[in-house]
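Student: Line order of the protein sequences matches chains A and B.
Residues 1 to 266 in the working numbering are what the first sequence lists, from first letter to last.
Residues 267 to 532 in the working numbering are what the second sequence lists, from first letter to last.
Careful: at least some of the hints might be erroneous.
Chain B regions said to be covered by chain A (calculated; three or more residues, Cβ under 8 Å) [unchecked claim]:
id, region
1, 426–438
2, 509–518
3, 524–531
With a Cα cut of at most 30 Å, we get these calculated DSS-like pairs of lysine-lysine [said to hold, decoys possible]:
id, chain 1, residue 1, chain 2, residue 2
4, B, LYS281, B, LYS332
5, A, LYS89, B, LYS332
6, A, LYS41, B, LYS395
7, B, LYS355, A, LYS89
8, A, LYS84, B, LYS395
9, A, LYS66, A, LYS129
10, A, LYS190, A, LYS89
11, A, LYS66, B, LYS307
12, A, LYS15, A, LYS89
13, A, LYS129, B, LYS350
14, A, LYS41, A, LYS23
15, A, LYS129, B, LYS296
16, B, LYS456, A, LYS129
17, A, LYS129, A, LYS41
18, B, LYS395, B, LYS281
19, A, LYS129, A, LYS15
20, A, LYS66, A, LYS15
It is worth saying that the hints were derived from the structure and are not from the lab.
Quick reminder that beta carbons are idealized off the backbone N, C-alpha and C, glycines included.
There are 2 protein chains.
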Amino acid sequence: MSPLTITSSQNPRIKNLIRLRDKRHRDRQKRFLIEGYRENKRALARGFVPEELFFCPEWFLGENEKDLLAEVEERGGTLFSVPKHIFAKISYRDRPDGLLGVGAQWEAALSSICLPENPLVLVVESIEKPGNLGTLLRAADAAGVDALIVGDPVTDIFNPNVVRASTGVLFSMPVAVCSTEEAIAFCQSKELTTVATTPAAETLYTDADLSGRIAIVMGSEQYGLTERWLEAANLPVRIPMAGQADSLNVAMATVITLFEAVRQRG
Amino acid sequence: MSPLTITSSQNPRIKNLIRLRDKRHRDRQKRFLIEGYRENKRALARGFVPEELFFCPEWFLGENEKDLLAEVEERGGTLFSVPKHIFAKISYRDRPDGLLGVGAQWEAALSSICLPENPLVLVVESIEKPGNLGTLLRAADAAGVDALIVGDPVTDIFNPNVVRASTGVLFSMPVAVCSTEEAIAFCQSKELTTVATTPAAETLYTDADLSGRIAIVMGSEQYGLTERWLEAANLPVRIPMAGQADSLNVAMATVITLFEAVRQRG
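All chains should be modelled from the sequences, with the hints used to inform the complete structure.
Tutor: Next up, the structure:
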């Protein structure tokens with residue numbers, strides 16, 4: 001390995017890592033941050049190579065980091081060795097693990113989504129918190145969802161906290177970002193039954209047929225689904241709630257509905 | 267209303283609010299913090315009156331705070347008016363809403379748990395993150411769980427982040443804190459079928475009968491269930507996982523299992 005060495009926090013590459021936490025800079029540069037061993041490992045496993053990987057052995061938690069560095073270099077990424085105190089600054093974690101990658105964003109276009117014969121799709125609308133979007137990616141992964149459609153995005157999928165909370169699922173799950181209208185048109189063109197969870201629905205989610213070509217549609221944390229989606233959805237369902245009205249957050253409501261679909265699909 | 271006015275951040279009551287973030291001080295004083303309008307409102311609704319309520323109208327987000335203050339005072343709590351900059355210090359939130367209560371801890375004893383005829387109980391073991399314990403309380407509330415048993419506690423139920431993440435469910439859900447051995451003995455004495463989710467189980471959680479006297483048992487974030495619980499559990503079940511091994515966190519696995527029980531119980 002032949003890493004370059006950075007010694008000053010004034011180095012423009014170091015300054016740029018801080019800038020990439022900001023959506024404006026991410027959008028302009030079309031790049032994003034991938035922090036952590038697991039995240040970079042999963043990126044590589046999916047054929048995604050960080051262009052640059054900043055590392056600091058004094059923060060390493062395990063012993064496999066060197067193999068990962070070697071793999072990144074071999075596959076065309078550039079390595080930068082960074083002193084401990086500077087790595088603490090570029091990391092956005094409480095406990096850094098000594099690895100911070102920078103990679104190129106990809107087009108998350110609807111046209112790139114290929115669905116199998118009997119697809120299970122998750123559509124989310126205007127999710128606000130990056131941590132929730134990451135958690136939804138994990139839930140979708142666990143349930144074997146075929147694609148995630150991020151409609152009317154408020155947080156961008158390349159936010160460092162989406163990458164982190166998704167534990168790298170961002171690199172394996174087919175994701176498309178689009179407007180609500182495009183998401184509705186996509187579901188219609190693919191003949192998906194759109195299942196919208198809303199407290200106003202009469203049908204229990206467990207009484208609905210979720211075994212076919214299905215898109216489960218979830219609204220934002222604060223406002224739930226928009227009128228537009230409630231109008232457009234084919235199959236409004238509700239989750240029975242025993243306690244306080246707000247006891248299920250969007251991630252929990254999503255995972256409950258997804259795993260009922262998994263159950264029915266056998 | 268006749269609140270007392272605090273003007274100095276050196277006031278011993280103010281200093282004590284900071285101290286109560288720390289478990290040692292909470293344990294010693296047998297008191298804890300209840301921050302937020304919703305949390306204090308739900309405490310009152312369940313008959314729990316904060317001994318002291320610190321407030322700052324400049325941080326209020328709504329218009330009902332005055333009624334809440336009046337109710338606390340009427341029911342025996344003492345009000346303290348605090349200037350804006352001091353409230354910012356005593357709050358542990360990013361966006362304070364101008365209300366911070368202090369209340370007495372209660373004994374969360376197993377002996378206080380009364381179960382109905384066909385109970386659904388949730389047992390958690392060694393949960394580490396206060397936010398997760400709070401989320402589990404919300405999930406239990408949504409599923410109509412009759413009691414939450416916190417076995418072998420790592421985080422205490424009076425941690426400010428448990429109160430917050432539970433959105434006040436801590437005040438309504440019957441909760442007991444005990445050792446793993448006591449939790450096992452309790453489940454046996456109440457003739458509960460203990461359902462332990464573990465990847466090693468053969469039975470799918472959806473194929474298990476969750477309609478009777480059930481305790482769903484969940485392990486810690488990092489290590490899952492202990493050997494002791496895996497041995498003691500009557501009914502090991504697994505949740506099918508399509509994606510990466512760690513895509514379901516403990517809160518999601520819990521809510522999936524709880525809502526399958528809800529479905530079966532009709």
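Student: Hint compliance check: list the failing hint numbers for this structure, sorted ascending.
Tutor: Violated: hints 5, 9, 10, 11, 15 and 16.
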